[in-house]
Amino acid sequence: MHVIDLEAILEKLPRARIGIVGDFCLDAYWELDMRESEISVETKSPTRPVRTQRYGLGGAGNVAQNMRSLGVSLISVYGVTGRDPFGYQMRELMNELSISHKGLLEQTKEWVTHSYIKPIENGAEENRIDMGNFNRMSTDTAKRLSDMLTNDLESLDILVINQQVKNGIHMSPEFQKALQLLIQSHPQKLFLLDSRSMSQNYQGTIRKINAYEAVVLTGGSHEPQDIIGLDEARNAGITLAKQWGKPVFVTRGDRGCLVIENDHVDVIPGLHIIEKTDPVGAGDSMLAGMAASMAVGCCLADAATFGNLVAGVTVQKLYQTGTASPDEILKIGTDPDYIFLPEKADDLRSASYWKNSEIEVINAVQTNHKKITHAIFDHDGTISVLREGWEKIMEPMMVRAILGPTYDTADETAYHQVLNRVRLYIDATTGVQTLVQMQGLVKLVTEFGYVSRENILDQFGYKAIYNEALLDMVKKRLKKLSRGELTVEDFVMKKAVLFLMQLHQNKVKLYLASGSDEHDVVAEAEALGYADLFEGRIYGAIGDATKEAKKIVMDRILADIGNVNAESMAVFGDGPVEIRESKKHRGLAIGVASDEVRRFGLNESKRRRLIRAGADLIIADFSQFEMLLELLQLND
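Last residue of the sequence shown? That's 1205 in the numbering used here, and every number before it is there in order.
Keep in mind that the hints were calculated from the coordinates and are not lab data.
Note that this is a predicted model, so its numbers are computed, not measured.
There's no promise every hint is true.
Unchecked claim - Derived DSBU-like pairs (lysine-lysine); straight-line CA-CA distance at most 35 Å:
id, residue 1, residue 2
1, LYS1064, LYS961
2, LYS712, LYS746
3, LYS687, LYS712
4, LYS746, LYS900
5, LYS1045, LYS1078
6, LYS1012, LYS886
7, LYS939, LYS961
8, LYS758, LYS581
9, LYS815, LYS1153
10, LYS1153, LYS1063
11, LYS687, LYS1012
12, LYS1044, LYS961
13, LYS1048, LYS1076
14, LYS1078, LYS1044
15, LYS913, LYS1063
16, LYS712, LYS913
17, LYS811, LYS712
Claimed, not checked - Taking CB as the label site, the calculated pair distances span:
id, residue 1, residue 2, range
18, GLU694, LEU1067, 56 to 62 Å
19, PRO965, GLY1105, 55 to 61 Å
20, ARG969, ASP896, 32 to 38 Å
21, ILE1130, ASP832, 52 to 58 Å
22, SER724, LYS939, 51 to 57 Å
23, PRO793, LYS1048, 51 to 57 Å
No residue lacks a Cβ here, since even glycine has one placed at the ideal position from N, Cα and C.
Please take these sequences and the hints and turn them into a complete structure.
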């Protein structure tokens, strides 16, 4: 995993000197309120009153404001506006952000400021009104703009070339030629090109393109929505890097980014984000992060990793082209969760098995790896299935919480909108501490707005409601167990207890970790008859959302065995949290893609999540534990 020193990068950013030449746009949001409409005397038609108006920088302007949010002090912009109110408003916004706009020239004829008017009525955005589609840059403006760049270039650490509209400054042949000459005459200067339709132009620049664009530019036939596999994206990037003689960044959405220099490829994985995301502006954020970090001397792999984190912050800001502050970047980047091997995870055909077993090998287990001396087991879904069906408890509970007083009366469309969001959320947060899931529920209740703010519970209140329903189900099952109507085998994964006993016999220290409350985990392990194998090392949630139970277990184990012996640790789990923590601490991550209903056999959805979380091995159950012991060299 590529690791960067975030604090060092952020500390350097105020010293960066960055220029941006491109298509500067203005986003205008006009909120209509028809309650004050009247019939026009002139047209006899109803007027459309605007209650509020809000303006924001778009296009290359969004790149600039992202850089300012990151802490870059000197940002100079180069582009063209019309002599109109929107150009004035754009400059006022730049003044507020201390962005130097002396290079933002006015052209009085055949040019209006690129503006996108978005009328909003009753919360819904109506047809957009676009300005600037018929712009034509004059020869005089092209010369003035290129002269300005020529004069300023030596004082800049990097020049970002941004092209986003069909009728912007880069459509001028005179300006294209002048900018190309400027690039050729400064071969040691950093030029970073991000273009929607002109990636073949401006030779001598480092390009940022997406995987679809890369494949199409190399002769592939795909649609923009198609999934581009790693090999295809890599091959296309290598071809383009050779063709252009410069490095290429190939972005891949939530699958991360490729950094290609000649034949060398660095794969920067995507971030695992459980919140709802909005991709609008994510490309601008990533570009800003990449350019800013390159300007202060970061290598390209570091720049891509940093840009990835910046975009990871902004995609979580809904219904806006958000920016990322240093504090936000530190929060997401200090202990990031990545998506590993998405191609392998998403395609069962790629599975490779050890010998003639059903043990899937994702990352080869080295024959000389340290002997396993400590093993951490997630509880629910890995060993125990007492809580199987928890999703069926959480789902209606969340839907009822979100719809609140309208639960019985909401129409079918509203009900299914809420239901689908809840299902997606539960799927994304499986394995996360319950209290954290309830924090997300608070956000969902607030977002949908069916419950008044004063009646929205906090995470503890919602957790209490959920736990009451869940524990009622568990108690009923335990009563059946105590009455002999069911046996221990009905509530544990196939041969899980036998595997635990064998590990214990081999002197492996066992730890039990759960996102459920600790006293409940202990009671359930005792009822199922294997608590003694853990010798008191059973850990669960402690009621503090800032303290993830499974992370606490990791910290305690590492304190016990020492960081240098972390490679002697194996982690077994059916959720992403424990697998990710294992990878961060260099342990062996064994994903248990369990079918909790049958208690054996593969759950393909879990397999996908676990591989993306970083699992080294995938098992469906413990029915082949003898072969697993052999693979782990624990069959002595």
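Okay, the hints, checked on the actual structure:
1. Only pairs whose Cα atoms come within 35 Å are accepted, and LYS1064 paired with LYS961 is accepted, the gap being roughly 26 Å.
2. Proximity of LYS712 to LYS746 is assessed by CA-CA distance (about 10 Å); at most 35 Å being required, the pair is judged to hold.
3. Taken as a hint, the LYS687 and LYS712 pair is honoured in the structure, with Cα atoms around 34 Å apart against an allowance of 35 Å.
4. At most 35 Å may separate the alpha-carbon atoms for a hinted pair to count; LYS746 and LYS900 exceed this at roughly 44 Å.
5. Distance hint between LYS1045 and LYS1078 is fulfilled; the C-alpha atoms sit about 32 Å from each other, no more than 35 Å.
6. Restraint check: the Cα-Cα separation between LYS1012 and LYS886 comes to about 13 Å, which is no more than 35 Å; the hinted pair holds.
7. Of the pairs offered as hints, the one joining LYS939 and LYS961 is violated, with about 41 Å between alpha carbons and a cut-off of 35 Å exceeded.
8. Among the hinted pairs, LYS758 with LYS581 is consistent with the structure: their alpha-carbon atoms are about 19 Å apart, no more than 35 Å.
9. Simply put, LYS815 and LYS1153 have alpha-carbon atoms about 33 Å apart, close enough for the 35 Å limit, and the pair holds.
10. A threshold of 35 Å between alpha carbons decides the hint, and for LYS1153 with LYS1063 the separation of about 29 Å falls inside it, so the pair holds.
11. Pair hint LYS687 plus LYS1012 holds up; C-alpha atoms about 26 Å apart against a cutoff of 35 Å.
12. Straight-line distance between C-alpha atoms of LYS1044 and LYS961 comes to about 16 Å, which keeps the hinted pair within the 35 Å bound.
13. With a C-alpha separation of about 33 Å, the suggested pair LYS1048 and LYS1076 falls inside the 35 Å cut-off, and the hint holds.
14. At roughly 30 Å between alpha-carbon atoms, LYS1078 and LYS1044 fall within 35 Å of each other, so this suggested pair holds.
15. Using a Cα cut-off of 35 Å, the hinted pair LYS913 and LYS1063 holds, with the two alpha carbons roughly 26 Å apart.
16. Between LYS712 and LYS913 the CA atoms are separated by roughly 52 Å; this puts the pair beyond 35 Å, and the hint is violated.
17. Annotation: proposed proximity of LYS811 to LYS712 holds, straight-line Cα distance about 32 Å (limit 35 Å).
18. In this structure the hint that GLU694 and LEU1067 lie 56 to 62 Å apart at CB holds, the actual value being about 59 Å.
19. At roughly 37 Å, the beta-carbon separation of PRO965 and GLY1105 lies outside the given 55 to 61 Å, and the hint is violated.
20. Between ARG969 and ASP896, the C-beta spacing of about 36 Å keeps the proposed range 32 to 38 Å intact.
21. Between ILE1130 and ASP832 the CB atoms are about 41 Å apart, so this pair departs from the stated range of 52 to 58 Å.
22. The given range of 51 to 57 Å is respected by SER724 and LYS939, whose C-beta atoms sit roughly 54 Å from each other.
23. Judged by the Cβ atoms, the range 51 to 57 Å given for PRO793 and LYS1048 holds: they are separated by roughly 56 Å.
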